[in-house]
Each structure stands twice: as structure tokens, then as C-alpha cells.
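Hints in hand, dock the two standalone chains.
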Amino acid sequence: MKDALDQVKVVEFGGYAAGPCIGKYLANFGAKVVHVESAQHPDGFRLQYPPFKDGEVGVNRSGCFAFFNDSKYGVTLNLKHPQGVKLARRLVEWADVVIENMRPGAIERLGLGYEKLREHNSDLIMLSTSNMGQTGPHAAHPGFGSQLSSLAGFTHLTGEPGGPPHLLYGPYIDFIAVAYGGIAVLAALDHRRRTGEGAFIDLSQYEAGLQFISSALLNYSAGDVIANRAGNRDTAAAPHGCYPCQDAQWCAISCWDDEEWLRFCRAAEKQEWIMDARFDTLAGRKNNERELNEMIADWTRDQHAASLMRHLQSCGVHAAAVNTMRDLFSDPQISWRKIWQVREHSELGRHHYRVVSYQLSETPGSIQQSAPCLGQDNEQVFLEWLGLPRTEYQELQEQGVFS
Amino acid sequence: MKLLKPYRVLDLTGPLGFLTGRILADLGADVIKIEPPGGDPSRRLPPLAGPESLYWLAYNANKRSVTLDISGDEGRGLFLKLLATSDFVIESFQPGTLETLGLSYDALSKEQPALILVSITPFGEQGPYRDFQASDLEIMAASGAMSLAGERGGEPMRITVPQAPMWAGAEAAMGALTALAYRGVTGRGQHVDVSAQAAVISALAHAPAFWDLNRVNPERDGIYVTGRNVNGAKMRAFWQCRDGWINFIIYGGAAGRHTNQQLVGWMDEKAMAPEWLKQIDWSTFDVTTTTQGFVDEIEAPIAEFFSTLTKQQFLDGVLHRQMLGYPVSTVEDISNDRQLAARYFWQDVPCPGLDSTLKYPGGFAIINGERLRIRRPAPRVGEHNHEVFVEELGLSAFEIEDSQLVSA
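Residue numbers (my numbering), protein chains in the order written: chain A, 1 to 403; chain B, 1 to 408.
Excised from the complex, chain B in its bound form (with noise of 0.2 Å):
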């Protein structure tokens, strides 16, 4: 399902923007890296296998491959005859760095007013910040993220595989295709300007809100859940298990009920709820108002109950229960789900550099009952050069083999 499939895109980003075109590709546009002669210097960021990088073949693959070098006049050059058959530019160049390029959103909108061009920034193009170095670390630190996550006093945590250029990449997706929109009834394209920061502000959930109502400030508490009881009581969210651990959280509510009621007679099938615990009538269980004491009463016998079981027993348990948790998966266990494997997430994709296939997570959605597919490998260092340059915008292949500006 190519529901992009008329559009074509060039994608000038480092890492905090590759997300985007992969996005776009995914639905069928033709997105086209540029790459400095000699290649992307992101192609050599970590996991590495061999000589390759995952994080560049992750999140390049469905694109195609151009080296071109921008700097110069006849670069310049190049480049404007291959925006003149494009929609979007993307772009993750520090603030500024376009104009210093003569490629300022002024001056391609004038070569292509339909352009939507997408400048991706770890703080935006305007502002105080605008100038300032963040990588992921910056970044989730001045989303407020990393606040939220980590022992209670204790140091803010990232989560360990950077996750701004996620964020960053996929709203830049959304605000490209909102210009898409526009464009679409106008004819007019325009300059999406997107902040990293502002982006992983999406993730911190309704977090913001406790201080904008009330003036109360979430904190980070490690493994509890708080801000749900009327008396500060905090419930338990991760327990060790035989393999690892379980993210299990007594809810209240109709599903809450459910899930308790259910867990106790598992328990109890296995002679390890108590009696006490098996008198408690969870429908009038109130776990807003409920008291810490209670919550720790109850939370023993389950931890011990938890201990006994491995990530998989708990999984197929609040399956065929249908309790709420999960297990915290690891990407092992991921790799061996049932679900993705029952939906065809998974897809094998030739890897040239490693001379094998690596399983990729495929497609993000199923459209009209079709997943979204990877077509195309991640690209070589200028890997479509003829292609692009020769076939399809017709210049002769002695211009582009002699020229320094697109060796490979």
C-alpha cells in the first residue's frame, strides 16, 4: 500500500532526523539520501556489526543513495535540479547551516514553491536554545523526561537506546505531512520547523498537568507508581521473577477487579494465596484511598508468588486470563513473540555489508490488510548515483563519473 507513492524526497539529515524518511518511505515515497562524498559519517555509529552500522541500517532502509557534495557552486547546482523533481526536503543541519549553503527555505521556495521543507533541531530553528549542543542525553534532559524516570532523589535516567531522534523523527513525519495537507488544496508548500525537545514532551504523558491544575511536581520513584492514592500510597510496578522481572501493578477500577480476583486464583491453584487474601472483596477495593500499610500486605504473597514463575508462565497467564501486566521484555523475548509472529511483523532483509540477512522489525502498520513492507535494503555509500543522475535526471554519465562532487 504506497499511499506516498507520487512523492519524492531529499533527505539531507544526520541521525536525529533518519527517522523521518524512513517513515515516508515506508508509504511508498522515494526518498533519496544525500550523502557528503566518501559517505554519511553517521554510517559508522554504534551497534556496530562488522563494518556496519545498525543504527544507520535501521533507519535508512527503503531509501535510495546519492553522494553529492552541497557546499560548492556546481554541487549547488546538482542539487537544484534534483529539487526541482521533489516534494520534501529533510533536513537536521544545526539552525543556520542551510542559508550558509545558499539553501535557505527563501531560496528553495523560490525554485520550488511547493516544497515542503523539514528542518529537524534539537531545540528549533528560533529561539534562545537554537544554537545550543544537545545530544539524546540533552535532549531528554530538557524534555523533562528523565525527571520521571530513576530512584526517587536519585540520578534522572535515559533510557538507554536513544530515543530524541525517535521522537523527533516521527513528529517530523506528522508535521510533513500536515504541510502535505495544505499543499495538497493550495499548491503551496511551507517550512516545518521541528524541536526535539518538544517532541519527547509526548511522552512524558499527562505528567505536566499535576503541575499546571494543582501545582504538585511528579516526581521519579524507581519501581513504584504514585500520584494515584489520596494518602501518598505507592504501589509496586516491577517484580523479580525466576528469568528477570514482571511489570505488575494492582489497578482498581472494573479492570483492576478483574485482574485481582483473577490473580488470586491463580495464586491459589498453586496454594500460595493466603486466606486473607483470598476473603478480600476487590469490588469495594478502593485504591485511591486505600492506605500504604494495606498496599504492602498485600503486595508479600503476590512478590512471592511472582518469584516463581518465569517472564513466559506470566505471559501466558495474564493471556489466558486476561488480567492485566506484562512481562519486561528483553530483545530476545520480543524476537520470540507470537503475536508479531502470528501478524508477520518480522521481516528478513539482505544485508550486502554483512553478506547475510538481518531481521528487521517491519512496517509500522497493516493497510487494507497489507503491512507495510521494507522494498529496498539500506543503501551503499551512493549506491543509485546512475540512477538518479544518469537515468533519471539525464546527465551523461561521463559528467558524473569524473566528477569529484559525487565519488562515491
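Chain A extracted, bound-state conformation (with noise of 0.2 Å):
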């Protein structure tokens, strides 16, 4: 056995990422994982959102929709078409595992349902990940995973007090649910082996995020504690904030004793700061900490942000140098852990593909192959892996089931 999923089949409908990028983790350990498209409705990340390659927009040149779908195969199916549904049935027959992540309610519309797929699949376990979840009152509401990243909270806890929220980039808490979705479905998986029974997990993406900020849901329930942004302080470590560097760097840096801040005080080669009695404690440092601020930030400014981190690390203090999206690709730990993997893709070229954070010591995950273009894969999912005739599978594309 060569990869850890090697015998795991997964069927995805659906797109964008909080479905998608948990096959890709999926696929990247071994499990064979098909992506149903159609090409009236493909992955809204194939022709919504920038990057393009060139900046030109088509089907196949997304840098979105390459990021999550790598390691996938590819196929189109018309859902719209009863002999589009009734192929879908039989992927879903041939596979272990089917995400889907459409509005709740859509893929019953479309005959495909959990009660309706165990008919012909009893063991089926199936993942839906939505906004909300499969139930009450706002199951339906369509949401993007950025604007939910507020409304769990997270926006609000980022930025700096008085000032406003700020935002997280993406769809931040749509990677959680992709966590915690790939962790519902290997549990699953797992406990079909064992017992043959399939399993229907219903996964609101709002609650999931939620598990990320639980101590201070808890702190709300304790003493009715409201938990707001405080830029980059933290009770229980002074100095702890990015301090600017040259060419528009900065270098994250704590100290969370007063030993560490001594060890940081030498290793700046500040006497002048070991003297200086208001930050001799923790206590003193947190009520000094604009000034305490200014005072590193004065000396890191002139600084080279990588070289700074790799000197205070050798003294013993905490630091980091903040990484922008091309130093990630330069990051000598990054490219020791080799979370990049280039491939070759028909429109996109040789480009990069990320690897998920763990790796296993016996079956190490990697990127099998470059993300599929649209409908790339239909021959060999449905005459080789379906068995469907060929003479078939013609007059079904004749009639427009693969469009």
C-alpha cells in the first residue's frame, strides 16, 4: 500500500472551497477523489475569482480553483438531465464517501439526497458542509465563508481597540469546517470498517468556527466577559507585537518572563534598557507597553526582518519574521517540509500546489497530480472506472449528459 488512503473513493458535489479543498487533503494522502462539474455550471472558483494566469479569465486558468482541486480527477455531468442523475447514482455507487457543500435543500432537488443515494449505497457516509448546517431557521440562508467569519466572531476579535474590524483575507472559517469535515469523514470511514454501517454528517461551517474562539465562548457564560480585539497585546507577555524591519518588513517578537526579556534586552545589546526599572516586570512592561513599543521598534527598524529572527532564536527569545505570500515560497522551513510541490498543468504551466500541514512518516502525502481541467477526466471515470460501454457513454454525450 503506497498512500494511507489508497483504497478511499470520494464523489464532490458542489464548489468554491469549504467541499473541495477536504477531497484535495483526501486525494493528496491516496484516495482517488472525482470532482463533478458541469460546464453550464462549473466550480464557481473556475471563472469568479481572480488570480488568472496572465490575468486572462477561462475555465482552466484559475489559480483559485487549482489550489483546492489538485490530486482530483475531473468529470462534467448535466444534474439537469435525468441521465446525468442517474451516472451521478452510479459514481456515488462506486464511492466510499460523497461531499457535497450546495445550499441545503439543493442536492435533494436534485434526486441526489442522502435518503435517496442509501438506497442503493446502505453504507454509504455522506458529508454536507453548509453555511449553517442542514437545520433550523437560517439553513437556507446563502453566505460566503468571509462574511461568516464574521458573523462567528472572528472579525470582530482583529484589529486594534476603538478601531475597526478587520478582515481575515478569505473565507477563514471555511478551512476550519474543511478540518473538521476531513476529521468527520476519516472517523466515519474508520468506523464503517469496523461495523458496515455508513454514517450522514451534517456540518455547519458556523459551528465549527465556532470551536476555534470556545474559551472565550466560555468566559461569556462564566462572568458574561465580551472578548474584543486588543491589536496584538496579550495579558501574559510584554513586549509581544510585529515591530517594523527595512524594506517594509516586520518581525514578530514576545517575551513572556522577565528572564526572556532579559535574554532579549542582551541580545539587542540595550544596557540602557536593562537599567531602565519600569520594565523590569511583566507588570511594569504591560503598563509601559506604547513606550516599550516604540523603543524596539526604533532599534529592529533599520533591520533585516529574517536575520533579526534567526538572531534572537539563537538568544532565546521568541521571534518570527512576518511572512508576506511570496516569502512563504522562500521559507526555509516551508521548503524543507516541502509544502510546495510544482507540476505541470496543461494551461497553467509548471506552478506550485500546497501540501496540508501534517505529514506521515510511513505514507507521506503529496500533490499526485496537477488540478483537473473541466471535464478532463470523464473517460476514464465512466469507461474505465464505471464500465460504462462506449457505444453508451457516445449517445449519452450526443444527448448532452457530459455538458
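For the record, the hints were derived by calculation from the structure and aren't laboratory data.
Just to be clear, a hint being listed does not mean it is correct.
Some chain B residues flagged as far from chain A (calculated, every beta-carbon gap over 12 Å) [claimed, not checked]: (1) Ser-71; (2) Glu-74; (3) Gly-77; (4) Leu-83; (5) Thr-284; (6) Thr-291; (7) Gly-293; (8) Leu-309; (9) Thr-310; (10) Glu-383; (11) Glu-387; (12) Glu-399.
Straight-line Cα separation of at most 25 Å, SDA-like style, residue types lysine to any residue; simulated pairs [stated by the list, open to error]: (13) B/Lys-110 x A/Pro-364; (14) A/Lys-2 x A/Glu-384; (15) A/Lys-53 x B/Val-216; (16) A/Lys-116 x B/Glu-370; (17) B/Lys-2 x A/Ser-122; (18) A/Lys-53 x B/Lys-234.
Here are the simulated distance ranges between beta carbons [what the hints assert, rightly or not]: (19) B/Glu-332 x A/Asp-54: 39 to 49 Å; (20) B/Glu-332 x A/Arg-103: 22 to 32 Å; (21) A/Asp-54 x B/Ala-303: 32 to 42 Å.
All values derive from a computational prediction rather than experimental measurement.
Think of the CB as a built atom: it goes at the ideal place given N, C-alpha and C, for glycine as much as any other residue.
Structural data, given as C-alpha cells:
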């Protein structure tokens, strides 16, 4: 067995990030994952969001789609066509797992709801991941993860106190739900291996996201404490922030006790900081945090962020350069872990794909192949894997079933 | 629905790894937190309620606790006895610590070849940064996340409630269960090596693809959404309302069209839609090619309208009109959310240390109609010493009570 998930077969309905990114992680560890789209309704990431290769829009030119769909097989099925639905059901019979992230109710309307599918596939594992879950008064509300990240409190907790909330770039919460969705699917697969029973998993991205702020939610329950954004400050450490360096770079630095503060002062060769009694204790540094931060910034301003990081680390001080997206591609630790892997894509050329954060000693994950072009694997999946006779395949093709 | 019922997990983690065991425990595994005699020092991590760390309580619910000093021969012996009955070990020590304790993966897997060892560290078990010290702040910085949050050109921002341990802990659970799939077929365990830095990269969505494909380096820009318009126009995401903030963005496409039409209709009902705004044909409005001037023009009356609403009124409006957008909620808003209540999300869990119950966010999913539950509160230090060592491992009560190794 070459890969951990060699024997796992997955079919995905839906698009964007919250569903497909789960399949991508499973595919990196060997699962056979079929991503179902249609020519009329390709995955929304193919056309709706930049970046596109050289800024030119095209169904096979999206970096966004590629990022969440490598290592999979791409097929097109017209699910408005009865034969298309029939083939989708055959795909489900072939599969162990169905992952879908349509608006609640949509997959049922297509005739591919869990109750329908399990008639032919009694041990099916199906994950429905949606904004707010399959049930409840707000279940059908359409929403994007970038805004759901506000409903779930994350943007309220980002920024300076007194200032506005800040964006977290993209659909932050979707990727929390991706991890929980993957976990639930893998646990259900193990349960099925032992018991023969399938499972239906109703995952609300909202509820999954709230797991990441549980301590703040408990604090409200315990004493009506409302957690607010506090810039980069932390009650238990000072200094604790990002400091400007040369070339618009920044370095994060934190000191968690008085000893570490002394190590920091020595690393900076600043006897006068050690002599300043205001900074002797955490309480003192917190009380004078603005002066402290300005003083440190004056020292870091002309330094190279990555060199500063290495210097402070060698002196036993918490520090890390703030990587930008560009920097992530040259970070030595990320390179060492082979997080980025280059594959050739017919329209994007040779470009980078990302491997997830966990590595397995016996069966390491990797980018198995570049992201599929629209409908690229129709023949392999329907002819070879499902065993559809070629004449039937061609007939269905003429009827527009694969469009 | 205890999907992982047959499995036992020994949880040696500090705060960077608490979540992994919590997740496996939520799924029904028997997770035993192993604390040093005297208790885990992170039982004092903020936020605190009285003597209790709410961080500790949040992420150690559903686990049992034993105390055991694994640094000496006798303690290690007892640990290996426990190991013989276990399927997973989770740890978040500095790389190399387990080796020093004589409990390296090689040593452990010799004892228990089916063992899945999960190691969670800031940067990973190997590589040039493996010995670097990193708290949440440094991990968020090194992952790239902070470069995308904050004012343009200003200090990069982290999320005030630490997130790096969450990303690392959740993805570690996914790694552990990937290894379990392999073990299910082959009977062999393996070592799962999790980097928190790499885990947070998951949170960046497709931002790295801009650099990869087109050598564009995405940047933070405060309350604005960038990168969606060929003229460099940016759209506002946060708007002040009567009691806080609203997240609303002018989108294009079918979803944007519906939302924009609905919003103008809503504004018109309140006599707050200027005539020219009502004349805009949203079906031809293209967010990717519009100009900053036009965006600013549209946004001005919208800002005025939003300033008359409360967060709840905005939420009720978007739900009723099927529009995109949500208020920026606080933990108080979240605690009062109708959808979460309707799905029985919250669970009252007794908290012995506080002589009261805490309202916990419930399990993360509903499986076969059943919500994952908190079946037991976070344990007291060594609460299950007798249960685990005497009743289950068959040691004599005398051995346990007399031993300094396991004193609570």
C-alpha cells in the first residue's frame, strides 16, 4: 500500500473551497477523488475569482480552482438531465464517500439526497457541509465564508481596540470546517470498516468555526466577559507585537517572563533597557507598553527581519519574521517540509501546489497530479472505472449528459 | 454517535495540542490526559474564571486525567503499560524531548507497532526552524496570516483569541485519522508530524496563488477587499451601525445582483435610496471592471442607511431578503443566536471547580441526527488515577497511592 488512503473513493458535488478542499487533502494521501461539475455550471472558483494565469479569465486558467482541486479527477455531468442524475448515482455507488456543499435542500432537489442515495448504497458516508447546517431557521440562507467569519466573531477579534474590525483576507472559517469535515469523514470510514455502517454528517461551518473560540465563549458564559480585539497585545507577555524592519518587513517578538526580557535586552545589546526599572516586571512592561514598543521599533527599524528572527532565536527569544505570500515561497522551513510542490498544468504551466500541515512517516502525502481541466477525466472515470460501454458513453455524450 | 469508540488515546500535549485529543474524544475515543504530578501548568492559562483556566476547560472536556511523571524509569514503565492498551499518543513537546525521555517513536513503536504517534510543534519535527521558540504570535507571523490583516502598510495583526493552536490541533486530528485508515488496512502505525506554521497556511485561502501564478503579492488593507478589480478599485467590507459593525460587500455575479437589488429596495422602503441608485441596472454591473469613483458613489448612501440599523436588524433583513452579508458578532451576539439554539448547539456542562455550569459550544457536527456531545467535564488533576491504574491496569491501590509518580 503506497498511500494511506489508497482504498478510499470520494465523489464531490459543489464547488468553491468548503467542500473541495476536504477532497484535496484526502487525495494528497491517495484517495481517488472525483470532482463533479458541469459545463453550464463549472465550479465557481473557475471563473468568479482571480487570480487567473496572466490575468486572462478562462475555465482552466484559475489559480483559485487549481489551489483546492489538485490530485483529483475532474468530470462534467449535466445534473438537470435525467441520465446525468442516473450516472451521478452510479458514481455514488462506486464511491465510499460523498461530499457536498450546496445550499441545504439543493442536492435533494437534484435527486441526490442522502435518503435517496442510501437506497442503493446502504453503507454510504455522506458529508453535507453548509453555512449554518442542514436544519434550523437560517439553514437555507446563502452566505460566503468571508462574511460568516464575521458572524462567528473572528473579525470582531481582529484589529486595534477602538478601531474597526479587520478582514482575514478570505473565507477563514471555511477552512476550519474543512478540517472538521475531513475528520468526520475519516472517523466515519473507520467506523464503517469495523461495523459496516455508513453515516450522514451534517456540518455547519458556523458551528465548526466556533470551536476555535471556545475559550472566549466560555468566558462569556462564566462571567459575561465580552472578548474584544486587542491589537497584537496579550495579557501574559510584553513585549508582544510586530516591529517594523527594513524594506517594509516586520518581525514578531514576544517575551513571556522577566528572564526572557533580559535575554532580549542582551540580544539587542541595550544595557539601558536593562537599567530601566519601568521594564523590570511584566506588570511594568504592560503599564508602559507603548513606550516599550516604540523603543523596540526604533531598534528593529533598520534590521533585516529574517536575520533578526535568527539572531533573537539564537539568544532564546521568541521571534518570527512576518512572512508575506511571496516570502512563503522562500521560507527555509516551509521549503524543508516540501509544502510547495511544482506540477505541470496544461494551461497554467509549471506552478506550485500546497501540501497540508501533517506528514506521515510511512505514507507521506504529496501532490499526486495537477488540478484537472474541466471534464478532463470523463473517459477514465465513466469508461474505465464505471465500465460504461463506449457506445453508450457516446450516445449520452450526444444527448448532452456530459455538458 | 461514538465513531471512534474502540480507541484509546494518551494525551501528553500542552496548549498547542489540546484540541486534537478533544476532537478524538468528541468522536468517542477514550482520551487520557497525562499530567505531571501537581497538574498541568497550563491549567493556569488565561482566560481565567476564578481558579479555572477556561482555555484548559474548553479543550480538555471529554477527556480523563491521570497524573504520571514520565521522566523517570518507574514512571516510564507505567507509561509503557498504558501504552500497551492504547492506539494513539499525542504530544506537543519541543522536538527531541521524547527521545531524551527514552520515548522516541522508534522506541514506542517497538513496544506497540500499531501505535500512531502524533507530534505537534510550531514548525515541525525536523528542518532549520525545528528548535525555534514560537507562541501563537510567532506562528501566525511565520504562516503569512498576519501579513494579510491590519491597515495597509501598518502593523500586521493577529486574531486576539489565539488561533495557531486551533489550526495545528484540528489538522493534527485529520492527520491522526489518515494514519488510522492506513492502520486499518495494514495493522501498522506511523508517526504523524504536524507543523503549526504549515497548518495556519490553510487559513490564507488562495492568497499564495496570486504570487505563484502572477507574481502579485497580496497585502492587507484594513476594512477593504482588494484584488477583485482590474482598475484597482477596492470595496468596503465593514460599516458602522448603531451598536457595532456590519460586514457587507458589493459583489458582482448572480449573488451580488440579487443582494444589491434587495438592498436598494430595503433602503427605498425607508426612503433612503436616492433616485440615481434606484436606476442602476445591477444585472449589467460588473464588479471586476467598475471604477473607484463609482464604488465610492454607491457606498455613500449605503453607509448612511447602515448607520440607522442595529446588528440584529441587519441580520433579520439579510435573512428575510436572502441577501449576502452578516453583522460582526461578539461572543454575546453568538450566545444569543437563534440558529444555534434551534440546532441545540449549546450544552450546559457542570464545572466542579466553579460550583456552576458553563454553557459550552457543543460538538462540531450532527452525525446520523445526533449531535456530538460533551459526555464529561474537563477532569480534575488526576481524577481518574484510581480508575485507570487500579481498575483498568490492575495495579494495586497501595502501589498507586504510595507512589510519588502519580500524586495529584
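Each hint, compared with the structure:
1. Ser-71: The assertion about B/Ser-71 holds, with a minimum of 22 Å to chain A.
2. Glu-74: The claim holds: B/Glu-74 sits with its nearest Cβ about 29 Å from chain A, beyond 12 Å.
3. Gly-77: holds (26 Å)
4. Leu-83: holds (18 Å)
5. Thr-284: holds (17 Å)
6. Thr-291: holds (17 Å)
7. Gly-293: holds (21 Å)
8. Leu-309: holds (15 Å)
9. Thr-310: Correct as stated: the minimum Cβ-Cβ distance to chain A is 15 Å, above 12 Å.
10. Glu-383: holds (19 Å)
11. Glu-387: It holds; B/Glu-387 is separated from chain A by about 25 Å at its closest Cβ, greater than 12 Å.
12. Glu-399: holds (35 Å)
13. B/Lys-110 x A/Pro-364: holds (21 Å)
14. A/Lys-2 x A/Glu-384: holds (21 Å)
15. A/Lys-53 x B/Val-216: holds (11 Å)
16. A/Lys-116 x B/Glu-370: This hinted pair holds, its Cα atoms lying about 20 Å apart.
17. B/Lys-2 x A/Ser-122: holds (19 Å)
18. A/Lys-53 x B/Lys-234: holds (21 Å)
19. B/Glu-332 x A/Asp-54: 39 to 49 Å: Holds, since B/Glu-332 and A/Asp-54 (Cβ atoms, about 48 Å apart) stay within the stated range.
20. B/Glu-332 x A/Arg-103: 22 to 32 Å: Given a distance of about 28 Å, which is inside 22 to 32 Å, the answer is holds.
21. A/Asp-54 x B/Ala-303: 32 to 42 Å: Distance hint for A/Asp-54, B/Ala-303 holds at roughly 36 Å.
In summary, this structure violates none of the numbered hints.
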